[in-house]
Amino acid sequence: MVAVLGGFLLIFLLFHMSANLLILLNDGGAAYSAFCNFMGKTIAIRVMEVVLFGALLLHAVVALWLAATNRMSRPVGYHKPQKSKTHTTSKLMMWSGILIFVCLIMHFYDFYMVKIGLVKGEYMVKTEKLQDEEMSGIMQLANQMQMTPSDLVAAMKEEMATMGGDDEEADNYIESITAKIKVMDIVNNAYTNGNISADKKWIHRLNAEEKAVIKEAFPDSDVEPDFYYMARKKFKVWHIVLGYLVFFAVLFVHLTHAFPSAFQTLGLNNYKYNRAIEICGKIYTWVVCLGFAVIPIVIFLSE
Amino acid sequence: MHFTLHIWRQENAHAKGHFEKYEIDNISPDCSFLEMLDQLNEQLVGDKIAHPVCFDNDCREGICGMCGLYINGRPHGNDDGVTTCQLHMRKFTDGDEIWIEPWRAKAFPVVRDLVVDRSAFDKIIQAGGYISVTTGGVPDANTIPIPKYVADQAMDAAECIGCGACVAACKNASAMLFVGAKVSHLGLLPQGQVEHLDRVRNMIVKMDELGFGGCTNTYACEAECPKQIKRQNIARLNREWIGQMFGRDRKN
Ligand code: SF4
Ligand code: FES
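Residue numbers (numbering that gives the first Met the number 0), protein chains in the order written: chain A, 0 to 302; chain B, 0 to 251.
Where hints are given, some of them may not hold.
[To be verified] Taking beta-carbon pairs under 10 Å as the criterion, some of the chain B residues facing chain A (in silico):
{"no.": "1", "residue": "Asn-56"}
{"no.": "2", "residue": "Asp-79"}
{"no.": "3", "residue": "Val-81"}
{"no.": "4", "residue": "Tyr-148"}
{"no.": "5", "residue": "Phe-211"}
{"no.": "6", "residue": "Ala-222"}
[To be verified] Label pairs and their in silico Cβ distance ranges:
{"no.": "7", "chain 1": "B", "residue 1": "Asp-79", "chain 2": "A", "residue 2": "Ala-67", "range": "51 to 61 Å"}
{"no.": "8", "chain 1": "B", "residue 1": "Ile-145", "chain 2": "A", "residue 2": "Glu-48", "range": "49 to 59 Å"}
{"no.": "9", "chain 1": "A", "residue 1": "Trp-237", "chain 2": "B", "residue 2": "Glu-19", "range": "50 to 60 Å"}
{"no.": "10", "chain 1": "B", "residue 1": "Gln-190", "chain 2": "A", "residue 2": "Met-47", "range": "46 to 56 Å"}
{"no.": "11", "chain 1": "A", "residue 1": "Trp-94", "chain 2": "B", "residue 2": "Cys-53", "range": "51 to 61 Å"}
{"no.": "12", "chain 1": "B", "residue 1": "Ile-145", "chain 2": "A", "residue 2": "Leu-56", "range": "25 to 35 Å"}
[Stated by the list, open to error] No farther apart than 25 Å at their CA atoms in a straight line, the calculated lysine to any residue pairs in the SDA-like style are these:
{"no.": "13", "chain 1": "A", "residue 1": "Lys-82", "chain 2": "B", "residue 2": "Glu-34"}
{"no.": "14", "chain 1": "A", "residue 1": "Lys-84", "chain 2": "B", "residue 2": "His-87"}
{"no.": "15", "chain 1": "A", "residue 1": "Lys-281", "chain 2": "B", "residue 2": "Arg-238"}
Think of the hints as simulated: they come from the structure by calculation, not from any bench. Even for Gly, the Cβ is constructed at its ideal location relative to N, Cα and C.
Given only the sequences and the hints, what does the whole structure look like? Please build it.
See the structure below:
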């Protein structure tokens with residue numbers, strides 16, 4: 000049970016790690032955002048998400064239960080601590096597992112909770128979703144007059160005021176576009192601050208208010224959490240980087256035992272392949288942990 | 000050689016035990032651990048100091064599996080591939096303090112001093128560690144239709160003497176190495192193969208019932224087994240436990 004669920008989690012980790020490496024691409028988040036978007040949209044992935052949580056919890060619960068019953072198998076302990084030559088990592092499984100669980104809570108607070116909307120983070124939106132005729136018309140006008148959209152609207156309002164007439168139609172029109180105008184300002188800002196992905200498909204680093212504004216003007220625009228920039232921002236803070244590195248170190252200890260152990264428990268090994276499994280386990284553990292660790296380190300060290 | 004011994008003394012199964020400290024002198028480096036204890040007992044009895052220290056033993060040559068003491072944190076003491084009776088005092092240094100404890104496991108209750116009741120192992124054997132029919136005398140090795148490596152593996156597994164060091168060493172007091180060895184040595188050979196899956200099931204169910212722990216792949220058993228039974232026997236046991244869930248074409 001522990002082994003089967005653990006094996007499933009091992010596969011997930013490898014996947015998660017490879018995806019995360021996309022963050023290191025210096026494309027202003029294009030690839031990673033496209034990936035996150037895909038992950039958020041696909042039904043199968045959402046189902047997997049639930050399965051994954053289930054597997055994680057079950058893995059922990061069953062393992063704890065096993066540890067508890069195993070303790071009961073020796074009610075009176077030894078006076079002298081055990082000196083047998085054994086695999087230390089296997090004796091640490093429960094503690095490393097608990098630590099990993101604690102670290103995961105931190106990890107969820109940082110990222111997952113933003114997704115389900117419990118914690119505020121940064122957001123991103125697809126540029127194509129923000130385009131309609133009105134928008135582009137006003138944009139063009141604003142560009143021609145070399146004004147920001149909001150200035151343009153202000154100017155229009157003023158003009159109308161000086162004209163004096165109470166042209167209700169015009170008033171209503173202006174009313175209806177104010178929300179969009181705000182969005183345009185946001186887009187403009189993004190361009191000037193460079194918060195746009197290399198392929199111009201994504202506008203990044205929106206805060207919660209901007210998210211609300213966009214949602215109002217374009218109800219079906221799908222504003223998503225901006226994991227690319229959230230990661231980049233978090234990994235500039237040294238104690239977060241340190242926290243994650245400790246996390247990966249503990250993970251390393253856990254995985255060192257986990258990989259070959261899963262094979263042993265399922266009986267999927269023999270004299271011939273034991274070496275190979277052990278070597279694969281080492282490679283897997285190093286690749287996954289280094290792969291994860293490289294991300295905060297590189298981001299922290301880059302200017 | 001001179002040693003300071005701390006020995007677990009316990010009047011009977013229900014009494015509360017404690018460590019007693021004894022000094023012993025004039026020990027030859029060539030004598031075995033049990034001979035050293037004999038010498039101590041003579042001293043205790045002769046000088047009317049205490050009742051002799053009880054410990055299990057029989058063959059004193061590492062083949063019966065009766066002896067077994069937890070010595071300074073290691074079952075069968077500080078040497079690899081030996082039983083307590085084969086452990087020599089030259090493995091210690093003069094003046095050492097030696098802590099001697101009985102096997103500790105829920106399934107192995109202490110009877111007295113260093114003697115534990117290992118009949119749980121017998122019960123596991125009774126649950127399936129046998130072949131139901133008489134298969135005749137020992138056939139010539141080359142008349143059994145199996146490859147040599149299978150015969151070797153069965154023979155290696157058959158080396159298990161049922162001493163219980165694996166249980167004593169395991170942090171979970173698990174008997175998986177013992178059961179794995181028994182299942183392998185019977186199941187790898189044609190005579191035992193017929194009942195193999197039932198045997199796996201019955202022995203494992205019995206093992207759990209008797210209060211042995213589960214295996215978490217720490218391999219302390221493999222490190223301490225005097226007969227160096229390999230962990231692959233546990234993998235085989237696991238594999239066949241899964242196999243018997245699907246492979247037993249029986250109703251009960
Ligand atoms: S497997 Fe080894 S340690 Fe366990 S009972 Fe058999 S001989 Fe003793
Ligand atoms: S007394 Fe027989 S194995 Fe030690």
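Quiz item: Among the hints numbered above, which are violated by the structure, and what are their numbers in rising order?
Solution: Of the numbered hints, 1, 3, 7, 11, 12 do not hold.
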